[in-house]
Amino acid sequence: MNRQTVTEVFQSYVENYDLEGTKIKIKVNHTYRVAGLSEVIAQSLQLEQEDVDLAWLIGMLHDIGRFEQLRRFDTFHDAESVDHAKLAVKILFEDGLIRHFLSEVKYDAIIQDAVQYHSAYRIPEEMDARTRQFCDIIRDADKVDIFRVNAETPLEEIYNIPAEEFYTSTITPEVLEAYEQGDTVLRSLKKTAMDYVVGHISLRNGLVYQKSRELVSEQGYLQKMLDFPTRNPETKKQLEQIRQQIH
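Take the sequence shown: its position 219, counted from the start at 1, is 219 in UniProt numbering, and no numbers get skipped.
If you are wondering where the hints come from, they were derived from the structure by calculation, not from laboratory data.
A quick note: this is a predicted structure, and the numbers were derived from the prediction, not measured.
Note that CB positions come from ideal geometry on N, CA and C, so glycine has one too.
Worth double-checking, as some hints may not be accurate.
Below, simulated DSSO-like cross-link-like pairs (lysine-lysine); rule was C-alpha separation at most 30 Å, straight line [said to hold, decoys possible]:
id, residue 1, residue 2
1, Lys86, Lys191
2, Lys23, Lys106
3, Lys224, Lys90
4, Lys25, Lys237
5, Lys106, Lys191
Quick list of the computed label-pair ranges, beta carbon to beta carbon [what the hints assert, rightly or not]:
id, residue 1, residue 2, range
6, Thr22, His100, 25 to 35 Å
7, Gln210, Gln181, 44 to 54 Å
8, Gln245, Thr5, 23 to 33 Å
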């Protein structure tokens, strides 16, 4: 694998989209950070360099479907548009883009599964241990950077929801219950703007590796999300419940 080639192909691919658009910029920057985080997590597991490189590559490829999703639908919401992970698999393996990134085929099965399941609620139980490890690495790296994205980017730009709704809405009881049970929150449970905030806070519950939890703690973005400046008294109480559970 040649990292320079991978980077150049990725840059060439995203040039087909509006690089001045806010959402495109978010995903380009997110891709580079997730690749770097995947490398750090893989190194913490003391993997061989070949596998560290593979983890980095999966990070570079995991959101390739987002760009076409944004071009077609101008949203990150899969339920309202298309499953971006499945679209990425189609672009990479059905349309053949993978061969521009990598000439070897021996990694294809692992890459395909890791990309396809990086945003799934659960990984299939029957998956072999080696493939599962790469899925866990990309899923953790993705979650770690999502905390940063949500803390630094105006939420209305991410969710296509008016900003005022984030400051005034409450958290749906089912969403709060799912969080308190130690689960990540299903998309189908989210009904209010604040449900999306808590849904992303809940990604902490799904982290697999100790290094990932350390990265979240070091970055401080989770705490920033917990300190969301809601103007709704009920939501303030709900966020305090979540803070206490995390602490």
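Status of each hint after checking the structure:
1. This hinted pair checks out: lysine 86 and lysine 191 have alpha carbons roughly 24 Å apart, not beyond 30 Å.
2. At most 30 Å may separate the alpha-carbon atoms for a hinted pair to count; lysine 23 and lysine 106 exceed this at roughly 33 Å.
3. Restraint check for lysine 224 and lysine 90: the C-alpha separation of about 36 Å exceeds 30 Å, so the hint is violated.
4. With a C-alpha separation of about 35 Å, the suggested pairing of lysine 25 with lysine 237 is violated against the 30 Å cut-off.
5. Using a Cα cut-off of 30 Å, the hinted pair lysine 106 and lysine 191 is violated, with the two alpha carbons roughly 43 Å apart.
6. The hinted window of 25 to 35 Å between threonine 22 and histidine 100 holds, with their beta carbons roughly 27 Å apart.
7. Look at glutamine 210 against glutamine 181: about 22 Å separates their beta carbons, and that is not inside 44 to 54 Å.
8. The beta-carbon spacing between glutamine 245 and threonine 5, approximately 45 Å, falls outside the hinted interval of 23 to 33 Å.
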